[in-house]
Amino acid sequence: MDEMEMEKIDEVSLDSLSNESILEEFKEVDAFLKVVEEEIKRTDIGDSDE
Amino acid sequence: MNKRLEQYKELLQVLPRNNVKNSRIYMKKAMLMKQAATIYKDELLQDIKRRYQSIVIEQENEEIKNLENYLEDMKKNLYLLSDFNDSYEKSGLNVTLYDLKKFYKNDLTKVNQDIQVSIEKFLLVGVKLGPSDFNYGEEVEEYMKLFFQEANPDSESLKDSFDKLYWKSPELIEHIYLNLRYLYFSYKKSFEKYYDNKLKDVQITDKDKYLKEYQNYLAKYLLLKSSDTKILQDQFLDGTLDIKEYDDAKINKLRESLILKETNQGMLDENFLKLSYTLFEYKNYLRFKKVIDEIKKIHEDKGNKSLTKAILKKISKCEKKIKKMNKKIRCRRRFRGPLANVTKFYSVIDANLIELKDLYNEYDEAKFKEKVSTSLNENSTLLDILVLASSYKNNLAKIFKIDNEDMSDSDILNEEKALNEFIFYPNNTIINNITINDTRDLVTIIFDKYKLMNINITNEQLEDANLESVISMVNKILVNNYINRSNIKYADLNSACEMKKILDKEVKEVKE
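Protein sequences, first through last, are from chains A and B.
Mapping of the first sequence onto the working numbering: position 41 corresponds to residue 41, and the numbering continues sequentially without gaps.
Mapping of the second sequence onto the working numbering: position 189 corresponds to residue 189, and the numbering continues sequentially without gaps.
Worth flagging that the hints you see were computed from the coordinates, not collected in a lab.
Cβ coordinates follow ideal geometry from the N, Cα and C atoms, glycine included.
Keep in mind that a hint or two might mislead.
Said to hold, decoys possible - Residues from chain B that keep clear of chain A, each with C-beta distances beyond 12 Å, as calculated: (1) A36; (2) T38; (3) D47; (4) E156; (5) K261; (6) Y277; (7) K290; (8) I292; (9) V443; (10) Y450; (11) D492.
Stated by the list, open to error - Cut-off 30 Å, straight-line C-alpha distance, at most; resulting in silico cross-link-like pairs (BS3-like, lysine-lysine): (12) B/K168 <-> A/K27; (13) B/K244 <-> A/K27; (14) A/K34 <-> B/K501; (15) B/K508 <-> A/K27; (16) B/K90 <-> B/K244; (17) A/K34 <-> B/K505; (18) B/K212 <-> A/K34; (19) B/K90 <-> A/K34; (20) A/K27 <-> B/K500; (21) B/K212 <-> A/K27; (22) B/K501 <-> A/K41; (23) A/K41 <-> B/K417; (24) B/K110 <-> B/K417; (25) B/K511 <-> A/K34.
As the list claims (entries may be wrong) - Examples of chain B residues lying across from chain A (beta carbon under 7 Å, computed): (26) K41; (27) N284; (28) L286; (29) A351; (30) L353; (31) L503.
Given only the sequences and the hints, what does the whole structure look like? Please build it.
Right under this line is the structure:
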């Protein structure tokens, strides 16, 4: 996965999604952000060996 | 689930962090994922915001606001409608002076405000009081002279003066209270004339017609307000109502539990609306049953018909003595100068004031009992009882305190407000038809009536402890009906509630 791939997550137009799907999508991305932030925190203070 | 997010999650799990190099790569990729997810989240937020704005109704119903203003104006004159009380109660002097009598419950500023408000009530009816009207004792004279000079209830000099005079006469405020009661009787005709004219001024020629008109508008207002889509929507959005409790499946279950057999939907909706009125009425009947019972007791006592005459005679005797002593004081001072010895006259005044205090307490109690005995008859309804009770706020407060001696003033005020709301409630059908001697069981009446209307209300549901629950059930059915009839879909409303939570949270996080 290169940086270009990271630029956009939405594969479909948001307009085509129902209210319920948008809310679901938001919850997913919000939950993901919490996970990734946690992982960054863990890595940042990491216990990696040289 | 979004495939790209799925991939990201997997990547986070599988990318190695076993050494510094890998950790750095992991870190870099995680940061990129975070960046991409943040951008996506912002896009979603914008979209949610746009959708939220397209769902919610912003425009308020003008008719509700107009009715509210109209009712507010009409409400100002409702106090003039009671035939049960006289100008002492109509002016509100009864409440202000009651507060003054209980001065020890308040601070000096409030006490001075009460004196000020009382003086203004006299002024309203055309009586301009001055220092010379206050002569119930030497200290009263001195204090009130300064009171009129300062013309500010919060004045420092007034406070200093009070401190000084209080130690000389701890009954100072009580004496001002008694002085004001005397002044009311002296100017009673001015008060009566004012409140009689007031009816004409506000163009009330027919009290019943005015009340009916007020209640018709109130009925319309209450129905519009409870069924208004914008108001209901806002209650869902701010969490006052929980949207999850109002979906069709849940409401159908509630409806099924309350109906005897399936029938015309329109008719049932109408019956549920009527049931909600009855339940509100019955709940308030239970809330104020103590008041009804106490007044019934007074009414049954045949010895209450002529109580005030003898007390008023004694009051008049005491007040005449005080007047006489004041005349003597003035006379002596005129001839012997301001330092003349008038102590013995003031002693007579003080002795009479002690007696007057008890007499006025007796009088207030007697006036209420006499009014109950003479104004109510076998044709009087439970509503008449409550209207009479609400016309005598001090006596009403005493009834409230029978079962709860420590009831706070604010709780009493709340009860009074609720009673007032109840007596003017336009959808009452029971209390205005049940007479004072009627011993029928209200639960049975309600039960039988709604059975005929195809609604199954059990005796248990009408018990005090269960009433709130059945009221809530019926209200939910009504709200569900209103939503289904409105131009907003339940699903959209449900989404809007979710969206609002998300948008509020984001705003909060940005602020933090």
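Here is what the structure says about each hint:
Residue-level check failed: B/A36 sits 5 Å from the nearest beta carbon of chain A, not beyond 12 Å. The non-interface label for B/T38 is inconsistent with chain A: the shortest C-beta to C-beta separation is roughly 7 Å, within 12 Å. A cut-off of 12 Å between C-beta atoms contradicts the statement that B/D47 is not in contact with chain A; the least separation is 5 Å. Look at B/E156: its CB is around 60 Å from the nearest CB on chain A, clear of 12 Å, so calling it non-interface holds up.
Non-interface call for B/K261 relative to chain A: holds, since the shortest CB-CB distance, roughly 36 Å, exceeds 12 Å. The claim that B/Y277 lies off the interface holds: its Cβ sits roughly 36 Å from the closest Cβ of chain A, which is beyond the 12 Å cut-off. Annotated as non-interface, B/K290 keeps its C-beta farther than 12 Å from every C-beta of chain A; the closest such distance is 50 Å. Distance to chain A confirms B/I292 as a non-interface residue, since its nearest Cβ pair spans about 52 Å, more than 12 Å.
Distance check on B/V443: its Cβ is at least 45 Å (rounded) from any Cβ of chain A, clearing the 12 Å threshold; non-interface status holds. Against chain A, the non-interface label of B/Y450 holds: every CB pair exceeds 12 Å, the least being about 39 Å. The Cβ of B/D492 sits about 7 Å from the closest Cβ of chain A, inside the 12 Å cut-off, so the non-interface label is violated. A hinted pair counts as satisfied when its Cα atoms are at most 30 Å apart, and B/K168 with A/K27 does not qualify at roughly 74 Å.
In summary, the hint linking B/K244 to A/K27 is supported, as the alpha carbons are separated by about 19 Å, within the 30 Å threshold. Among the hinted pairs, A/K34 with B/K501 is consistent with the structure: their alpha-carbon atoms are about 18 Å apart, no more than 30 Å. Restraint check for B/K508 and A/K27: satisfied, since their Cα atoms lie roughly 17 Å apart, inside the 30 Å limit. For the hint linking B/K90 to B/K244, the alpha-carbon distance of about 48 Å lies beyond 30 Å, and the restraint is violated.
Note on A/K34 and B/K505: the hinted pairing holds, with a Cα-Cα distance of about 15 Å set against a maximum of 30 Å. Proximity of B/K212 to A/K34 is assessed by CA-CA distance (about 62 Å); at most 30 Å being required, the pair is judged violated. Of the pairs offered as hints, the one joining B/K90 and A/K34 is violated, with about 65 Å between alpha carbons and a cut-off of 30 Å exceeded. As the CA atoms of A/K27 and B/K500 are separated by approximately 14 Å, the hinted pair is consistent with the 30 Å bound.
Between B/K212 and A/K27 the CA atoms are separated by roughly 54 Å; this puts the pair beyond 30 Å, and the hint is violated. Using a Cα cut-off of 30 Å, the hinted pair B/K501 and A/K41 holds, with the two alpha carbons roughly 27 Å apart. Proposed proximity of A/K41 and B/K417 is contradicted: the alpha carbons are some 58 Å apart, above 30 Å. The hinted pair formed by B/K110 and B/K417 meets the criterion: a straight-line CA distance of about 22 Å does not exceed 30 Å.
Proposed proximity of B/K511 and A/K34 is supported: the alpha carbons are some 19 Å apart, at most 30 Å. Below 7 Å, beta-carbon pairs count as interface contacts, and B/K41 has one with chain A at about 5 Å; its hint therefore holds. The criterion of a C-beta within 7 Å of any C-beta in chain A is not met by B/N284, whose closest approach is roughly 41 Å, and the hint is violated. At a threshold of 7 Å, the smallest CB-CB gap from B/L286 to chain A is about 43 Å, leaving the interface hint violated.
Residue-level restraint check for B/A351 is violated (minimum Cβ-Cβ distance to chain A is 80 Å; threshold 7 Å). Violation of the interface hint for B/L353 is found here, the shortest Cβ-Cβ separation to chain A being roughly 74 Å, above the 7 Å cut-off. A hinted interface residue such as B/L503 counts as satisfied when its beta carbon comes closer than 7 Å to some beta carbon of chain A; here the least separation is about 10 Å, so the hint is violated.
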